[in-house]
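Could you build all of it, start to finish, from the sequences and the hints given here?
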Amino acid sequence: MEVEISRRRFLQGSVAMTVVGGTVGATSLLSAGHEGEHKAVPGIPSTVTTKTSTGKAEEIPFLCGICVNKCAGFARVEDGIVTKLNPNPYFPKSRNMLCPRGNAGIQTTYDPDRLKYPMIRIGERGEGKFKRVSWDEAYDAILNGTDRFKGLKQILEEEKDNRATIGYCNGEGLSKEGFETLVGQKLGSPNYVDEVSICLETAGGGFFATLGVYPEIDFEHTDYFIILGANRAEAIITPDTQDMFKQTKRRGIKKTICIDPRFTNTAAKSDKWLPVNPGTDLAYVLAMTYVAFKENLHNEAFMKKFGVGYEEYKQHILSHKYTPEWAEPICGIKAKEIYTMAREFMDAEAPVIYPGRRSVFSPNDYQLRRAMGIFQAMSGNIDKKGGYIYGNPIMLKPEYVNAPIYAQAEGRFDTEGIAFPTLKSGSWIVFRNMVLEGKNPYPVRAMLMRKHNPMMSVPNSAKTAQFLKKMDLNVMIDILPSDTAMYADVILPEASYLERTSPVKSYGFLEPAIVQRRAAIKPLYETKEPEVIYKELAEKLAKPLFEISKKYDKDLQAEITKRGEEKVFEEDGWNLADAWEKPVHEANQEAIESQFGKKAWEILNEKGVYYPHIEEYHKQLNPNEYQYYPKSKRFYSTMGDNKKVICKYDHLATKGIDTMPTWHDEWKFSVPEGKFRLITGRHAQFTQSGTTNNAMLRDLIPTNYLWINKRVAKKMGIEFGDKVEVKSEVGKVELLAYPTEKIAPNQTFMLHGFGSHSEGLELSYGNGANDATIIKDDIEPTFGAAVMHSTNVEIRRV
Amino acid sequence: MARYGMALDYKNCINCKACEVACKEENGVLLGADKHRIWVGVNEVEGEWPNLDIISNTFLPSQCQQCESAPCQEVCPTHATYYDENHVVRVDSDKCILCSYCMNACPYDARYVDDRTMTVDKCTFCSDTRLARGETTTACQNTCPTKVRTFGDLDDPNSEISILLKTREHFSLKTHLGTKPKLFYLT
Amino acid sequence: MSIKEFITSIPVNKVGVKDLLNFEKSPRNLLVAGLTLLFLAFFVIGVGNYLIHGHEAYGVTRQHPWGLLIAVYIFFVVSSTGMCIVGSLGDVFGFKDYEAISKRAIFTSIVTILAGFAVIAFEIGHPVRMMIYNVLTPGLTSAIWWMGTLYGLYLTFMIIEFVFLLKHDMKKAKVFGLIGLLVGLAAHSNLGGVFGFLNSRTISNGVFYPTYFILTAFITGIYIAFIIMGFRYKLDFPEKIRVMLVNLAKIQGLLLSILIFFETWKMLTGVYGGMPGRADVVKEIVSSWPFWAEVLFGMVIPLVIILKSMGKNVIGMYWGSFIGMIGIFFMRYDLVHDTQLKPLQMMKTREYMLPPEWVHYFPSATEIMISLGGLGIAILLYYIGTKLFELDADEH
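Protein chains in written order, with my numbering: chain A, 1 to 798; chain B, 799 to 985; chain C, 986 to 1381.
Keep in mind that the hints were calculated from the coordinates and are not lab data. No experiment lies behind these values; they were computed from the predicted model shown. Even glycine gets a Cβ: it sits at the ideal position worked out from N, Cα and C. This list has only true hints and no planted wrong ones.
Here are the simulated DMTMM-like cross-link-like pairs (lysine to aspartate or glutamate), alpha carbons at most 20 Å apart as the crow flies: (1) C/1333 with B/851; (2) A/710 with C/1336; (3) A/272 with B/844; (4) A/272 with B/851; (5) A/56 with B/926; (6) A/723 with C/1336.
Here are the simulated distance ranges between beta carbons: (7) A/223 with B/854: 24 to 34 Å; (8) A/717 with C/1273: 23 to 33 Å; (9) A/336 with B/846: 17 to 27 Å; (10) B/846 with A/526: 48 to 58 Å; (11) C/1273 with A/796: 29 to 39 Å.
Residues of chain A placed beyond 10 Å of chain C at every Cβ, according to the derived structure: (12) 185; (13) 335; (14) 536; (15) 560; (16) 578; (17) 586; (18) 664.
Structure follows, in structure tokens:
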């Protein structure tokens, strides 16, 4: 095993360091004993930051994997070490940039705390005691178990091949579909929970139901902009962030209004910031809709043409008297402001109310997004320049997966309290809670997990811990020893995004493109690329699990009798590894060449980006900006008369959801005296819980602080940096206080993703507070998505 | 040969700190909050919730101003601080004796001590990394999400920066001290 | 006369280590000896710490790069220049009353500047590099270059003058003494200029420091004159010496009054107009205790002692000089610290921090040890000098 470099030595700053490709440093007058001990490890830089040299280097096109945006870049590789990540100017979506996390990907890849080799659990779940094993031993443990935990073979045998006893979860990424193929389609489990039910499922669903699209925005031609509950300066979404802030401050966009309970960095870039009570944005939007209807400011002809149930909606709004005066005490925005905004919005040439993309504030989120979609449509500014864009995404031909049919597999059960449970990814909270409360109709005994950290991302982490402990088998595929990995029985280390080639993907509506990431370096230590893991695991599991299916699956038995076992095994998809016959790079080449031609593949392979006519359209305009598509070729309007604005959605009534956005008083905002409403959010330097161990990013924000209003803090005797305890009805945490006027006196905020309990993460362990510990597990009724802003907490100094 | 400067469209800045990270990655700068060559400054927001003064929270990215009349260059006893051929203010770490006079003389807090060489360090406009390789952008310019920075040759009338400075109003910091900074904030 | 002959003909007492230990074991002397040994031990420990940990052993930061060691260096070179001035009164300008102290004063000026160099050697990051590149690629616009070079020359001239004094060659001593004095004054005002040239620090910029340095040098010189004469004669002064000391005290009274006058106007004009960078810093300075230590110990108390007796109370002035030297130390420390009080960059660079207000600094243990060590070195060298050389003036 290679010598690992202690992180403390990186951070000491007095280490005798050799800098790759550059000048040699180190001239403290005497060199101390401890510095000379570490050996340089081949392929791993010996310092936290490396200086780029002027020597030979390769530039490999990659896609950043730290967040959902997949910004394209070129990795500069010198002597087998990635020394710098530079932006790739060919990808329209990322607009030739890399954010702080994108740049810091080097520190994630070379994180000394990386999972380096497969491990199996030898202690208790959550203790973090593992022993190193070989890949074969790890796969074997998954199949056959050990004395500490059961294997899939035993579990499925006992459950008579009910594949639904296996649950699986996965986080967003380019290899996500592969894992879904493995566990969902090949292994036959229907019980999948992913990040959407703790994120944007409801927002996306609301817009889809209303407009048929979750739109992009053409900021270049927008002239009036309301952004509510989205913090694009700190929660970066490409290309929105880049486009938006070049137009604010009265340049292209004449007026930007930010509506957010907290004074975020986005508010700092707006012309006006109006604080709103958490979870009451719906009242505000309804009031604006009322003003538009009452004063006939909206585009009546447009709505008559494209609206479905428009007249009823108009009647509904007016008769409910959702006036600004009614809305003011509920949402906290002055009636005068609401009148002005509604009038200015409808009067503008290209107004936009920003759709937003985040987790749920309150149970009324679905209706909020519906109301926002309708309000935008009322201005007529959809499917055109300066408005909501439907665009023309490039559709890649879907991969065909030969999935076996499991007769014994039962269906999803996580439907309690949900009107429209999604078949694919259910609801994390309902799934988990029902299993904990014994409400599942059959046992769920295994969790196969990948690139997901529910201990820190799903509200009420005490319950998540219980849930994970209840399983007979937990498998985790990840790159860092996260909190959730501590509850795994078998850990399989994955190669990070700089170490792997991933399946191609298409992004963008207005300026669509296809992107591919290529591995900049070989997988470090003993890690393997995800697709290799899927294939090897599938190979290991295929035959033994086939034997079990043969025993219990009557349909399979019938087929075998008809056609013989060999044929059935190969042709009906029981050979689980056949989905990964070709390595990813080859599969990509085949797919692209067949759909777009050889030249397209050459361009994609070299530049990492391809779209039709790229060579003709792509130009550099000035040192900073590029043209991706000329304006005449961008897909501003693609829907023609096929647009629909569903104002009244009758289908919702079948499950007790309002067919039109309606206010209910149970959604009013109130905080008991002496308590605070906890709200969540992002800073641009971190992505959820995955980056808190990154040495470079931790340098920017060392820990998370609790925002508390300055005057309230003064009364409570709390000063900057004081330790405080935050307690809710589901848990309590401790962190440092940050008195600021940027938050309301009855609210509080902490950055998400800190407070890890995993000792394997040297920088994250015990650093800050985990908000999932104290957020209540409320759900919104439409899809069962997690509501994040309903928790009231107590704060006291410790 | 050239006379390098930088124009900053600072209203675009979202204080994401991508520039700080890119600078450290490109130039191998040590971690540590006081070991930065470039930074984004922001004042504490004024007012009391909910009446907050948005303008008081403006983000101002800053770094070494590469002054034409640099006080740091004047006060260096060993000529370790010098102007290179592109009029970028550089530090020759072989000559620096760490008397720290330049750290006190710089009105912009642009200098700090590099613990590895025990000499003074600062922004070099990526002269020994990107510019030495023939690239035309600095790390901070290249990575910025909202393209705040434009680096270029002030002596070239057709360069992007020259055109920007001729067509947009701009200001510089602490010009009353006579340092003639080459960083221009476009308003 | 060849150089070898020249050097061997310098009147030096033969002194061994035993002779060094042979002094009157009075409580006063034992106290001083004990402190000196303690300070020397501190010096060794402090330097050892610095060699292992580098600049991290010091409390200096990016915002406050000049710390206690710079202040102590200035303290020693001020003392040196001051002693040079006091010494020059006799042998350069020919004032008979002050001839008694010339030799001793010149020797003290050599000793203090050596102590100052010993301290600064461990503050400059690369002292060897400095000696090479100050010559190869000098920064001729740099006040530090001029100061360093001129102090080197000044030391040389002081040594030469001292040699001629030892040899009773008053004519040559006068020549080198004059040159040394002028070079010393130039060096010292350049040291003031180090602060005076800073256009980034409006509190320090301008004419005040270069000129005030010379004034305070003279004041410091007189304080030290009292101290070394008090030690020499055990407070039992012969008439000639007493007359000299009374005259010095009167001069001191005048100088202190001028200093108080200058300082008052400096503070007043600083506050006037509310100029940011000056007015707020002055208000901050005036409300902090080191400033009042400087004023009280360095100026007011000694002045009161002088005025009360119109300079005749030499014993009182002897004790007053100790108080004065404490005040002088604070003057040096304040000078260095006040220049850096106001952060140059007043914005927050991170979300989770308090906005910058005043720069805080406190010397680290290592810095304090090296500083005290410098004092120990000065005392030790002076003591060796009293044994090696005949420092009293010749009786004509």
